[in-house]
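Asker: Based on the provided sequences and hints, a complete structural model is requested.
Chain by chain, the residues:
2 protein chains.
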Amino acid sequence: MTTDTLKNISKSPVTGKEYEIPSSPDDKKGIDAFMALHPGKKVVVVQGLGFVGSVMGLVVANALTEEYAVIGIDLPTPQSYWKIRSINEGIFPVIASDPKIDEYYQNALQKRNYYATFDSHAYSKADVVVVDINLDVKKQSSEKNDLEGYSVDLTPFKKAIEAIGNNCKEDVLVLVETTVPPGTSQKIVRPILEECLSKRGLPTDKLKVGHSYERVMPGPKYIDSIQNFYRVFAGTDDKSTAAVEKFLRTVIRTDEYPLTRLGNTNATEMAKVLENSFRAMNIAFMVEWSRFAEEAGVDIYEVVNAIRMRPTHKNIMLPGLGVGGYCLTKDPLLASWARMNLFGSEEKLHQSEKGVHINDKMPLYAFEYLQSQHKGSLEGKKVLLLGVSYLNDVGDTRYTPVEGFYDQLEIEGCEITLHDPHVKYWEEKDLWPNHQLSEVLGQPYDIIVITTGHKDYRNNTAMIEKIKQLPACWVYDTIGVFSNDEIKSLSEKHTVKVIGRGDL
Amino acid sequence: MTTDTLKNISKSPVTGKEYEIPSSPDDKKGIDAFMALHPGKKVVVVQGLGFVGSVMGLVVANALTEEYAVIGIDLPTPQSYWKIRSINEGIFPVIASDPKIDEYYQNALQKRNYYATFDSHAYSKADVVVVDINLDVKKQSSEKNDLEGYSVDLTPFKKAIEAIGNNCKEDVLVLVETTVPPGTSQKIVRPILEECLSKRGLPTDKLKVGHSYERVMPGPKYIDSIQNFYRVFAGTDDKSTAAVEKFLRTVIRTDEYPLTRLGNTNATEMAKVLENSFRAMNIAFMVEWSRFAEEAGVDIYEVVNAIRMRPTHKNIMLPGLGVGGYCLTKDPLLASWARMNLFGSEEKLHQSEKGVHINDKMPLYAFEYLQSQHKGSLEGKKVLLLGVSYLNDVGDTRYTPVEGFYDQLEIEGCEITLHDPHVKYWEEKDLWPNHQLSEVLGQPYDIIVITTGHKDYRNNTAMIEKIKQLPACWVYDTIGVFSNDEIKSLSEKHTVKVIGRGDL
Numbered sequence: 000m001t002t003d004t005l006k007n008i009s010k011s012p013v014t015g016k017e018y019e020i021p022s023s024p025d026d027k028k029g030i031d032a033f034m035a036l037h038p039g040k041k042v043v044v045v046q047g048l049g050f051v052g053s054v055m056g057l058v059v060a061n062a063l064t065e066e067y068a069v070i071g072i073d074l075p076t077p078q079s080y081w082k083i084r085s086i087n088e089g090i091f092p093v094i095a096s097d098p099k100i101d102e103y104y105q106n107a108l109q110k111r112n113y114y115a116t117f118d119s120h121a122y123s124k125a126d127v128v129v130v131d132i133n134l135d136v137k138k139q140s141s142e143k144n145d146l147e148g149y150s151v152d153l154t155p156f157k158k159a160i161e162a163i164g165n166n167c168k169e170d171v172l173v174l175v176e177t178t179v180p181p182g183t184s185q186k187i188v189r190p191i192l193e194e195c196l197s198k199r200g201l202p203t204d205k206l207k208v209g210h211s212y213e214r215v216m217p218g219p220k221y222i223d224s225i226q227n228f229y230r231v232f233a234g235t236d237d238k239s240t241a242a243v244e245k246f247l248r249t250v251i252r253t254d255e256y257p258l259t260r261l262g263n264t265n266a267t268e269m270a271k272v273l274e275n276s277f278r279a280m281n282i283a284f285m286v287e288w289s290r291f292a293e294e295a296g297v298d299i300y301e302v303v304n305a306i307r308m309r310p311t312h313k314n315i316m317l318p319g320l321g322v323g324g325y326c327l328t329k330d331p332l333l334a335s336w337a338r339m340n341l342f343g344s345e346e347k348l349h350q351s352e353k354g355v356h357i358n359d360k361m362p363l364y365a366f367e368y369l370q371s372q373h374k375g376s377l378e379g380k381k382v383l384l385l386g387v388s389y390l391n392d393v394g395d396t397r398y399t400p401v402e403g404f405y406d407q408l409e410i411e412g413c414e415i416t417l418h419d420p421h422v423k424y425w426e427e428k429d430l431w432p433n434h435q436l437s438e439v440l441g442q443p444y445d446i447i448v449i450t451t452g453h454k455d456y457r458n459n460t461a462m463i464e465k466i467k468q469l470p471a472c473w474v475y476d477t478i479g480v481f482s483n484d485e486i487k488s489l490s491e492k493h494t495v496k497v498i499g500r501g502d503l
Numbered sequence: 000m001t002t003d004t005l006k007n008i009s010k011s012p013v014t015g016k017e018y019e020i021p022s023s024p025d026d027k028k029g030i031d032a033f034m035a036l037h038p039g040k041k042v043v044v045v046q047g048l049g050f051v052g053s054v055m056g057l058v059v060a061n062a063l064t065e066e067y068a069v070i071g072i073d074l075p076t077p078q079s080y081w082k083i084r085s086i087n088e089g090i091f092p093v094i095a096s097d098p099k100i101d102e103y104y105q106n107a108l109q110k111r112n113y114y115a116t117f118d119s120h121a122y123s124k125a126d127v128v129v130v131d132i133n134l135d136v137k138k139q140s141s142e143k144n145d146l147e148g149y150s151v152d153l154t155p156f157k158k159a160i161e162a163i164g165n166n167c168k169e170d171v172l173v174l175v176e177t178t179v180p181p182g183t184s185q186k187i188v189r190p191i192l193e194e195c196l197s198k199r200g201l202p203t204d205k206l207k208v209g210h211s212y213e214r215v216m217p218g219p220k221y222i223d224s225i226q227n228f229y230r231v232f233a234g235t236d237d238k239s240t241a242a243v244e245k246f247l248r249t250v251i252r253t254d255e256y257p258l259t260r261l262g263n264t265n266a267t268e269m270a271k272v273l274e275n276s277f278r279a280m281n282i283a284f285m286v287e288w289s290r291f292a293e294e295a296g297v298d299i300y301e302v303v304n305a306i307r308m309r310p311t312h313k314n315i316m317l318p319g320l321g322v323g324g325y326c327l328t329k330d331p332l333l334a335s336w337a338r339m340n341l342f343g344s345e346e347k348l349h350q351s352e353k354g355v356h357i358n359d360k361m362p363l364y365a366f367e368y369l370q371s372q373h374k375g376s377l378e379g380k381k382v383l384l385l386g387v388s389y390l391n392d393v394g395d396t397r398y399t400p401v402e403g404f405y406d407q408l409e410i411e412g413c414e415i416t417l418h419d420p421h422v423k424y425w426e427e428k429d430l431w432p433n434h435q436l437s438e439v440l441g442q443p444y445d446i447i448v449i450t451t452g453h454k455d456y457r458n459n460t461a462m463i464e465k466i467k468q469l470p471a472c473w474v475y476d477t478i479g480v481f482s483n484d485e486i487k488s489l490s491e492k493h494t495v496k497v498i499g500r501g502d503l
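Residue numbers (numbering that gives the first Met the number 0), protein chains in the order written: chain A, 0 to 503; chain B, 0 to 503.
Please note that the accuracy of each hint is not assured.
Identical copies look the same in the list; a pair holds intra-copy or inter-copy alike.
[Stated by the list, open to error] Once the Cα atoms are required to be at most 27 Å apart in a straight line, the calculated DSSO-like pairs of lysine-lysine come out as:
#, residue 1, residue 2
1, K40, K110
2, K27, K465
3, K198, K41
4, K313, K220
5, K360, K347
6, K138, K454
7, K374, K492
8, K168, K423
9, K27, K186
10, K186, K496
In short, the hints are calculated from the structure, not lab data.
Answerer: Shown next, in the form of structure tokens:
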């Protein structure tokens, strides 16, 4: 057990600093002091300080046409409490390559208009509550060939909405940005809030509930992916719709990126999960073609590049180690679950679920292939994994496919070395990857695997030279980062295999 | 039985003229007379005078940097013989909205450099043979819920290649443009040609075989889709590759649309079927989402339009009556068949096959939905189908999904009226659709179905007014051509349903 899993300690992976979690959820004093700084300003409370909420808070604190007082709120847990403290202590909890993050945060520090807390009392001050908490899908454990089970538990999400309802003003606007099963705003959020208000003896006719999903991309355009991008929105009634639109216009550059209003919140919620299902599906579609290419002595990368010349086919995907991130791995399941559980259909979304399952099995395929090439066992092999994050050139490890691959290697008894230039700390595994490529390549391995397509591994002559100097080993490129010349050069000494590329 | 199914008659659907099919396949005189007109010119024989070959012939006859003598060749069958005669008599057999077709044909007539024949003797004159014949997949009969069987019979294709091999020069370039199962050029075409040459006592080392697939789109940019578009190519050996490239540079505007050379013909053949499988899959993917939208009271069209704002999601598809045309309906199956039968894999391309099956069932879904809304029977109903072709604004009926839908209505005992502004003659059904929208809307129906998304049916106020004047009936929009206002207006009198659009 590591220190940060202790219940009353929350450790910042950014600074290493440890915070004791307060025993009482009371921060009235802090909230009131913050409010006193901003008399007359509208108050926006952002619920959830994760990858979306913490940065959404920044964007609202730097709104375009209004001066808001922003309160970010999250739970006093080991995973989240350090973020609250960090925001208030002048260190932004998200590390990203986007320089605007720091610029916006410094602005907010100067204006003192972004406060973070764990006390639900904050909701009582809110004119707008933006819901940016997670809504997770629980998948079954990754036993071989049985990755298809999953469950959706709305309990934590409902509790979070209750916390708003038990404290909010009767005329608050609750804007859901969380990716939810279609139907949630109308069938779950609004009824819970109305019930809470009624229990408190308050009228429900002034309540406003809407949905507008974010399209946040952590990385160099982090802020722009919120502020300078198209938004889709709807309200649960006309009053709500108008309120959502009014709010979004104050924070998003709607002159350049016009808002899209849909007929109802079921439609906006469906749009979000459909967007991501489309992408997940397009990846899954390529998996079997990638195998076919290997069998037919074809290089799928050159085939896909040829196809991408067509404007209608630009987004055809490439194979890889697997699919990661918070969205593509679960959104199709949320949708399928909603179809059956919120709209009473007897049919699931078969194709979309299948897509997720195919993607989930990709790391297992890579592992089994390696195993089959080593007489069925990798026990005791020294393995270097180049890349830990799920996406090129960012340090995001949420649901990274490298995790499933790593787990298999660990179960098998491999001695694993990790490298990633962007991942300082691998939270989910409590591991600290090495950052020095030349250092990790200074020792021999049985197997070297390219597990993420970072720029650092592409056209990197020094890396290729280093690998060439190592004793003969297996080099497995699961992403297609190597050029033909590099493959040829490495093959003089090593055994080189590329997913989606047959022996030409 | 209709006249054009008589074995010795071939009737032109363009002019109505009937031709007697010659009993002997001898056209030496005609070929020699044509050759005498073009001494010293290189001869290109285009095998197959269908939607691709007849127009490819035109493009080669109007090559950019070389003067070719072009011979188009097809079989003397009721389906094809009229095309041969038509080309030689000054009437181009393909009707298309592209004015360049006529321009190119008039040029060729003036230069007298495009001759058509049915005599294999033509191959003996060829420097280049371009293979543009069909290679079909036979699907099982459309019994309900069992549309998943199919077979690939290469016999006619092999015979066509043999006809070349039995006549060609030893140094001919055979360029396959037909969409073939990956592996065909290397494993089938080249061996057949070599065997034929050997039998004729000729050496095989000068033979050149390559593959470069077309991306022809019948319609207003027909010629451009051949001459002004990206091409992918490869040869079965270096000599072949060089010859293919040299030939393509003379006919295609490669300065603006650079050629893409792939590693081998397996790769180019795979690229073509992968392109089309990608599209077929993206359509199939939307089918279940379209149903979900109906259940959730969502308008899938507005959802998809919102998603298309994202550059990475521009090509997300819309639901419809089904999928038609010569490519998307079969190419994924060709690929899957090749994986198992030419490369010995034990796995088919499951996802891609499934996509085709889902698409094939779409017209059946539309039929069954209509049936369910009419107490389980449509017997004796007067039904108007607006649109016969498979694609908006063109007159192409090959594998149109309207056919399966029509067949079901016919079996059920409906009285069907057909309208299509672009289809003069529906060859596959031997039917002549009405062209006058105001005329077909001058009588009452029980059911009016939008079956193709032609422009003529969009924002057509006169059409909406005409329908409003008819007695109350069912209006079923399977494509989403009606606007919200039109739906509202029609709903005052009629029952209006749109595929992919719930009751809002």
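Asker: A separate judgement is required for each hint: does it hold in the structure or not?
Answerer: For each hint, the structure was consulted:
no. : hint           : verdict
1   : K40 with K110  : within (13 Å within a copy, 81 Å between copies)
2   : K27 with K465  : neither (58 Å within a copy, 68 Å between copies)
3   : K198 with K41  : within (26 Å within a copy, 90 Å between copies)
4   : K313 with K220 : both (21 Å within a copy, 20 Å between copies)
5   : K360 with K347 : both (20 Å within a copy, 17 Å between copies)
6   : K138 with K454 : neither (31 Å within a copy, 46 Å between copies)
7   : K374 with K492 : within (20 Å within a copy, 73 Å between copies)
8   : K168 with K423 : neither (42 Å within a copy, 67 Å between copies)
9   : K27 with K186  : neither (32 Å within a copy, 78 Å between copies)
10  : K186 with K496 : between (51 Å within a copy, 25 Å between copies)
Going down the numbered hints, you'll see the structure goes against 2, 6, 8, 9, while the others check out.
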